[in-house]
Amino acid sequence: MFRVAICEDDAAMRSYEKELVSGWAKVKGHKAAVDVYANAEQYLFAMEDELEYDLLILDIQMGELNGIELATKLRDNGVGAQILFLTGVPDYALEGYEVGAVRYLMKPIKEKEFLSLLDALYEKTMTGRRDFFLIEQGTSVCRIGLSDIIYLEAKGHYICMRTVREELEWKAAFSSVAEQLGNEDFFLLKRGLLVNLEHVEKITRSECILDLGAALPVARERYKDLNKAFITYYKGKQT
Numbered sequence: 003m004f005r006v007a008i009c010e011d012d013a014a015m016r017s018y019e020k021e022l023v024s025g026w027a028k029v030k031g032h033k034a035a036v037d038v039y040a041n042a043e044q045y046l047f048a049m050e051d052e053l054e055y056d057l058l059i060l061d062i063q064m065g066e067l068n069g070i071e072l073a074t075k076l077r078d079n080g081v082g083a084q085i086l087f088l089t090g091v092p093d094y095a096l097e098g099y100e101v102g103a104v105r106y107l108m109k110p111i112k113e114k115e116f117l118s119l120l121d122a123l124y125e126k127t128m129t130g131r132r133d134f135f136l137i138e139q140g141t142s143v144c145r146i147g148l149s150d151i152i153y154l155e156a157k158g159h160y161i162c163m164r165t166v167r168e169e170l171e172w173k174a175a176f177s178s179v180a181e182q183l184g185n186e187d188f189f190l191l192k193r194g195l196l197v198n199l200e201h202v203e204k205i206t207r208s209e210c211i212l213d214l215g216a217a218l219p220v221a222r223e224r225y226k227d228l229n230k231a232f233i234t235y236y237k238g239k240q241t
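All residue numbers for the sequence shown refer to this note's numbering, where the first residue is 3 and numbers rise by one.
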């Protein structure tokens with residue numbers, strides 16, 4: 003899954019950008035999720051509960067917190083997503099590259115150039131996918147296979163990970179860990195609780211039953227999406 007977030011305060015432009023990305027994904031046959039936000043504050047609020055994105059398409063000239071300031075804040079918090087800036091003013095180019103922007107495109111958007119760039123960004127993202135997760139604490143590094151991870155839970159400033167063999171705990175931000183996983187096999191059951199669908203045997207409206215026999219709580223508003231993800235995951239395993 004290629005996850006894209008569009009942060010744009012102009013409603014018409016926001017809709018157009020989403021249409022371009024969604025249309026590109028459909029034509030290319032890529033699985034993509036595209037979310038839109040009207041301003042930086044809305045994006046930051048949503049990120050308290052959601053997985054991080056592979057690509058951020060940010061308008062620079064926005065309200066109280068502009069695109070450059072948003073990107074700087076995200077980088078300071080360890081967000082490593084690729085960033086594409088869009089703006090009608092060329093003066094911000096240097097600042098854009100200072101926060102690790104992959105490209106800086108001027109408005110109005112040239113569709114061919116935009117779609118070509120999406121191809122390159124998608125390829126870069128998919129090439130960088132890993133089948134393992136690294137836990138780094140000081141000079142110690144632990145490598146965990148993604149298929150071995152059953153679930154992760156935030157406990158204050160710490161992360162508790164249950165694997166098929168053991169329980170691990172270390173200090174980290176939940177949003178940062180979720181971003182590192184970057185895998186559609188993991189689903190957010192509620193705030194601070196991420197489960198690996200590979201280890202889910204059954205779901206109800208209030209619980210997620212695991213293959214080890216334990217049950218995890220499911221937020222009421224997450225059940226519908228969990229049901230879809232569960233069905234999609236196992237249908238994919240049959241093909």
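Hints in this document: simulated from the structure, not taken from any laboratory. Cβ coordinates follow ideal geometry from the N, Cα and C atoms, glycine included. Hints are supplied without guarantee of correctness; some may be wrong.
Claimed, not checked - Straight-line Cα separation of at most 30 Å, DSS-like style, residue types lysine-lysine; simulated pairs:
no. : residue 1 : residue 2
1   : K157      : K20
2   : K126      : K157
3   : K204      : K112
4   : K33       : K192
5   : K30       : K173
6   : K230      : K157
7   : K28       : K109
8   : K126      : K112
9   : K192      : K173
10  : K112      : K157
11  : K75       : K204
12  : K114      : K157
13  : K28       : K157
14  : K226      : K28
15  : K204      : K192
16  : K33       : K109
17  : K226      : K204
Stated by the list, open to error - Derived CB-CB ranges, DEER-like:
no. : residue 1 : residue 2 : range
18  : G147      : R105      : 26 to 36 Å
19  : R105      : C162      : 33 to 43 Å
20  : M108      : K30       : 36 to 46 Å
21  : S118      : D37       : 15 to 25 Å
22  : W172      : S17       : 20 to 30 Å
So, going through the hints one by one against the coordinates:
1. K157 to K20: Roughly 35 Å between the alpha carbons, so the hint for K157 and K20 is violated.
2. K126 to K157: 33 Å, violated
3. K204 to K112: 47 Å, violated
4. K33 to K192: 23 Å, holds
5. K30 to K173: 40 Å, violated
6. K230 to K157: Measuring from Cα to Cα gives roughly 27 Å; hence the hint holds.
7. K28 to K109: 24 Å, holds
8. K126 to K112: Judged against 30 Å, a Cα distance of about 21 Å means the pair holds.
9. K192 to K173: Given pair K192, K173 holds - Cα atoms ~20 Å apart, limit 30 Å.
10. K112 to K157: 46 Å, violated
11. K75 to K204: 39 Å, violated
12. K114 to K157: Given that 30 Å is the threshold and the Cα spacing comes to 46 Å, the pair is violated.
13. K28 to K157: 39 Å, violated
14. K226 to K28: Cα-Cα ~24 Å, so holds.
15. K204 to K192: 17 Å, holds
16. K33 to K109: 27 Å, holds
17. K226 to K204: Distance ~14 Å between K226 and K204 Cα, so the pair holds.
18. G147 to R105: 26 to 36 Å: 34 Å, holds
19. R105 to C162: 33 to 43 Å: Holds, at about 38 Å.
20. M108 to K30: 36 to 46 Å: Check failed, 24 Å falls outside 36 to 46 Å.
21. S118 to D37: 15 to 25 Å: 23 Å, holds
22. W172 to S17: 20 to 30 Å: Distance hint for W172, S17 is violated at roughly 42 Å.
Of the numbered hints given earlier, the model fails hints 1, 2, 3, 5, 10, 11, 12, 13, 20, 22; all others are met.
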